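Let chain W serve as the given structure and place chain D on it in line with the hints.
Number of protein chains: 2
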Amino acid sequence: MFAINDITAGVLKGDFLLLAKTISSVENKVQGVDDFLQALLPNAVPIIGVTGPPGAGKSTLISALIGEWIKEGKKIAVLSVDPSSPFHKGAILGDRIRMKEWYLHPSVFIRSLASRGHLGGLTSSMIELTTLLQSVGFDKIILETVGVGQSEVEVASLADTTVVVLVPEAGDEVQMMKSGLMEIADLFVVNKSDRPDAETFANHIVQMIMENGQDVNTIKVIKTVASQGVGVQDLIAAINTHQEDLSKTGRNIKLVMSKVEQLIVAHKLRQIDSQKMEAALKDALKSHQFNIFRFTNQYLD
Amino acid sequence: MFAINDITAGVLKGDFLLLAKTISSVENKVQGVDDFLQALLPNAVPIIGVTGPPGAGKSTLISALIGEWIKEGKKIAVLSVDPSSPFHKGAILGDRIRMKEWYLHPSVFIRSLASRGHLGGLTSSMIELTTLLQSVGFDKIILETVGVGQSEVEVASLADTTVVVLVPEAGDEVQMMKSGLMEIADLFVVNKSDRPDAETFANHIVQMIMENGQDVNTIKVIKTVASQGVGVQDLIAAINTHQEDLSKTGRNIKLVMSKVEQLIVAHKLRQIDSQKMEAALKDALKSHQFNIFRFTNQYLD
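Chains as they are written, first to last, in the working numbering: chain W, 12 to 312; chain D, 12 to 312.
Rather than coming from a laboratory, the hints here were simulated on the basis of the structure. Please note: incorrect hints may appear among the correct ones.
As the list claims (entries may be wrong) - With a cut-off of at most 30 Å between alpha-carbon atoms, the simulated DSBU-like pairs for lysine-lysine come out as follows:
| hint | chain 1 | residue 1 | chain 2 | residue 2 |
| --- | --- | --- | --- | --- |
| 1 | D | LYS85 | D | LYS24 |
| 2 | D | LYS293 | W | LYS265 |
| 3 | W | LYS151 | D | LYS293 |
Computed from a predicted structure; not experimentally measured.
In isolation and in its complexed conformation, chain W is listed as follows:
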């Protein structure tokens, strides 16, 4: 592993080579990673999750956020979670193109991560990577994920502020499907809000928030046209307000607790010798009436 001071010095001057190599080492859990992680001294850098369906304009919005933060002299890290399915390739490639204006900027670090199937696998390494990014001089950390399957739920469990990006064109069914997103949103963005139905759509979301028994003064609905920078300042203000509220409401404690639980789970699962378990299972399944609870007992402590 590289010395954290050397990585930080690189980040300071816009040279992300050591950081990129370290991220690979953390992802691959090379020898020494545990000690390295336990020696990190992270700062309280906010983690902003950005999720929503393909085509909602997440990357354009992130580009716009980066543009504003750069003006304030901030250093920004973006982690993009690629769902592993090849179905998403189009969307992700499109995203990369939209964000490419920042790829060579010395204040912006962008990295795509493959999502893994293994229970707790993605979040465990995301906790490690975001803690690393918090420790090497970044001011803002953005986690981007496409709102399909469970990856956005996992990402929301890591972000201090989760922004759900939607567009005013979805039919009834889409809105129902998106209701999975309702439960993870700290803020909603109605992007491409120069479209005719934007106002109606935004009102509809406000109504859903109220029906869900939540507070529309807390879960704000912000209208943007990210490609023209419209509404981006409003979004930044809402993100800042949300983060100020976090510590007041004690939600930050719940968030850290959930991360600790996820680390415990990931550690427990890593302890299991899968090959040995598979062999034992094959044997046990030969019995006619296999009881999974009796079998599992041997792995409990």
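Then chain D, alone, in the frame of chain W:
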């Protein structure tokens, strides 16, 4: 806890009172549940997951499946997972109405379960409940869930055969969103396939399966009009074929392994004293540079 023989005797004559009470005891983890579960002698009853977006006709399809199986003299249990959000109330109520023809039938047991937010909470109790149902005389177990958020991924990890139900009307974006469903499907049903675009839609799914590098002879796409019973026999044949293939491909071992892992995780999380952890965290977070890995260390073994 009731004696398993008494519950089984009730199921045999269509009296589900003891079963319903036992399910509540298992869900609430009353004293003695662990011993009760470990004494179960489950049969190899197939678990069929049925998922898809609201309005796809899942309940109508399940009703049609029940109708066919009843004719064969089977006993059927249906567990419906209610996503906890109030947004879904409409859909679920509608589902109930559509399935109500079976509510009083002595060969059919239907129970709705609230999904819980806690990590691993839903699946852990679903493993317990399906094992219970496998032990008291049912021939088929159906797990129904609305395809939003992570609940359908969890359910797919429990089902021997996961059937994804879609309708030929969804736009491009919906199809992208559904791609989260692509990864969990063992079989696709294009329901309401008397609609004009059904053929195109079914071909589109076949194409997506091929693009995903999967075998269209294994992941079949079945056209149904559930409300008229059209295609239901094809679906039953496909389910049967899939279940015969399960043991040949060894996928059943992977499935049981995943369940064992989920039970281990749930047990580990139950061991944590959340209140104590929260107090310790509040204290630790006072330090300026809180390291989550050092903090988590105390909970690892």
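Against the structure, the hints:
1. D:LYS85 to D:LYS24: Holds, at roughly 13 Å.
2. D:LYS293 to W:LYS265: It holds: about 10 Å lies between the C-alpha atoms, which stays within 30 Å.
3. W:LYS151 to D:LYS293: holds (24 Å)
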